[in-house]
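Asks: Add chain B with the ligands to chain A, keeping to what the hints say.
Chains as they are written, first to last, in the working numbering: chain A, 1 to 288; chain B, 1 to 231.
Since the hints were derived computationally from the structure, they do not count as laboratory data. Here the structure is a predicted model, which is why all the values come from computation and not from measurement. Just so it is clear, CB atoms sit at the ideal spot from N, CA and C, and this is done for glycine as well. Each hint can be trusted.
Output of the computed footprint for chain B on chain A, the stretches with three or more beta carbons under 8 Å from beta carbons of chain B:
#, region
1, 213 to 225
2, 247 to 257
3, 267 to 277
Under 7 Å between C-beta atoms, here's a sample of chain A residues computed to sit facing chain B:
#, residue
4, Tyr-60
5, Glu-63
6, Leu-280
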Amino acid sequence: MNKVIDAVQSDAGVQQALETALQQEFKEEWKDIAPLLSVRELNKFYAPGKGCGDINFDLYPGEVLGIVGESGSGKSTLLSCLSARLTPDSGNVIYNSERFGEMDLYACEESMRRVLMRSEWGIVHQHARDGLRMNVSAGANIGERLMAVGERHYGDIRAKAEEWLTAVEIDTGRIDDRPSQFSGGMQQRLQIARNLVTHPKLIFMDEPTGGLDVSVQAKLLDLLRNLVSRLGLSVIIVTHDLAVARLLAHRLMVMRRGQVVETGLTDQVLDDPQHPYTQLLVSSILQN
Amino acid sequence: MTANQLMIDVSGVEKAFTLHNQGGASFGVLDNASLQVQAGECVVLHGQSGAGKSTFLKALYANYSVDGGEIRLRDGEQMVEITSALPRRIIALRRQTLGYVSQFLRVIPRVPTLEVVMQPLLDLGVDAAICEAKAKDLLQRLNVPERLWSLAPGTFSGGEQQRVNIARGFIVDYPILLLDEPTASLDATNRRVVVELIREAKARGAAVVGIFHDEDVREAVADRLVDIKAI
Ligand SMILES: Nc1ncnc2c1ncn2[C@@H]1O[C@H](COP(=O)(O)OP(=O)(O)OP(=O)(O)O)[C@@H](O)[C@H]1O
Ligand SMILES: Nc1ncnc2c1ncn2[C@@H]1O[C@H](COP(=O)(O)OP(=O)(O)O)[C@@H](O)[C@H]1O
Ligand SMILES: [Mg+2]
Ligand SMILES: [Mg+2]
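In isolation and in its complexed conformation, chain A is listed as follows (with noise of 0.2 Å):
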């Protein structure tokens, strides 16, 4: 589509192609495309009420799905469960992957799951310090997953990671600096960028802006928003904030004691809610 728009000069011409261009999309967006991740009856729970249980969702191929809902609610038990770190007790994780075609997640090899979660998939933590090696230089915490998949080439890793460093606006004259000289927020960028550099097709993240002030807050989220868009990455993203979840997420899943409560398309959701939790949620009381 950008090819052809680029294409055009004339002002006549940028509209018809705008209109050949749309066609275009239109016909691929609506053939038939299959889910990216597929999950059936997925239940996990530690102590009744405890976990996540009942869960049954498609996410599609460049879909923002927003998981939000109280302290407590099962939100960070259940990602684990969607991206193979915790075993659920029962029900289907199906990921479409690049690699390997459909597996279910909790049926294949440990080795498969390994290679996902190097290459197809990344994980932003909400503790910088779980997804990063905080006592190597920013650089190599880039290079790193390049070298997981294959790369090998010194200079050319390199690169890449100022590449991907100035793509999460951290200045390049860092990269021989460790993550432990780094900010929080600078922190988190450095983590989405570890993930960025494989051209994962899934994220999952955990409250990404959590531990941050409101201002480094806005500059992540506006980051997110931009990469998330540009690269049409397709992310499952944990939040109890619902401006981060009304900014990011395309759909929303409500959750509540370890079910959901509710579903939707996000603005939905939250000018619209038909649960009672819902409603509560988004009414001033327990928003913050």
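Replies: Structure of chain B with the ligands alone, referenced to chain A:
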């Protein structure tokens, strides 16, 4: 788009609100609402405050769900029934087909005015230079001072924010446009600009549904006036 093409087809829409946390009070707002709008036509909704005009418009945008009935919107060759469509279908529809200007701008922190306005066109993959030129043209026509273009609109006056909002709503030539009191906080000069924009949209075949308080704007753009209680 050809003239007399059905763009919006609403039939039998029901909408009630239930306030679960206020004693479960429930009240109906829309009762069997139906409306058809053709390409190039502008329908203006009227009715008392609280009658359900904005609710109806929000249902057309799929911002509010409905309890019954059907809402079909034209997307190219297809009519899409939005009350049962998947979220990703609605999002695609909003991207290229369905424009909505609300009374208030929902600002994104940190993003400068010019980018706020360009964004919907950029999202369609249009070249940035073209988007920028069109955004500047709209801001200029709406008399938003150039010194504000590089600033985030969070601190702007109500009328300035509203004009940024209008520019953003008109940057894509949406085939369907929904306008909820876009002229409410504007002076006569800027109201006239909005009237021109609406007329241009109609001339290129857009179907427009709007709510306008000002008699002069209504007179200037409406093909039909419908009472929300009567549809
Ligand atoms: N999200 C909501 N939750 C609960 N009630 C709502 C919601 N949105 C609207 N209402 C109620 O629905 C009724 C219709 O409201 P609506 O905003 O559609 O009125 P309107 O005709 O646009 O009025 P005005 O001319 O004052 O803008 C009102 O009683 C309003 O309080
Ligand atoms: N490893 C664990 N062992 C036992 N209980 C856990 C474990 N992890 C989480 N829980 C409990 O499960 C519930 C859901 O936790 P979690 O998924 O972290 O919620 P959220 O992310 O929504 O705040 C909580 O009651 C929590 O204490
Ligand atoms: Mg958590
Ligand atoms: Mg209203």
